[in-house]
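According to this note's numbering, the sequence shown is numbered sequentially starting from 1151.
Errors might be hidden in some of the hints.
[Said to hold, decoys possible] Have a look at the derived ranges for each label pair, beta carbon to beta carbon:
1. 1238 / 1192: 31 to 41 Å
2. 1193 / 1238: 23 to 33 Å
3. 1236 / 1192: 15 to 25 Å
4. 1211 / 1177: 10 to 20 Å
To be clear, the hints were calculated from the coordinates, so they are not data collected in a lab. Idealized CB from N, CA, C, for every residue including glycine.
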Amino acid sequence: MRHHKHRSPKLDPDSGVEDVTLVIMEWLGEQGVAPMLRIDVERMREGKPTWTFAAGGGPLPYPIRTEGLSVAECIGTALHYLREAGLAVPF
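With the sequences and hints as input, model every part of the structure.
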């Protein structure tokens, strides 16, 4: 699975993306993409990025995986890479 560590997109912390995360995931499923969002409590205790988003299949040319300390950071980064992969996510 491709993990994008080499560069970080600039994220808007007030974008409200965490409010529409489930809508985005449902939309991805409708496009044939299999999204997953996970929280790792062990990593939370260690102060590491606790949220992981992964998606693959459908029109994606390669799998996408992002991590973040918050849902907003994780999904915001995922949106950047989903769009970079050619998906016009409506958010």
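A quick look at each hint next to the structure:
Roughly 36 Å separates the CB atoms of residue 1238 and residue 1192, a value that falls within the hinted 31 to 41 Å. Between residue 1193 and residue 1238 the Cβ separation comes to about 32 Å, which falls inside the hinted range of 23 to 33 Å. Residue 1236 and residue 1192 have their C-beta atoms about 34 Å apart, which leaves the hinted 15 to 25 Å range violated. Checking the proposed 10 to 20 Å range against residue 1211 and residue 1177 shows it holds: the Cβ atoms sit about 18 Å from each other.
Consistency with the previously given hints fails for number 3 only.
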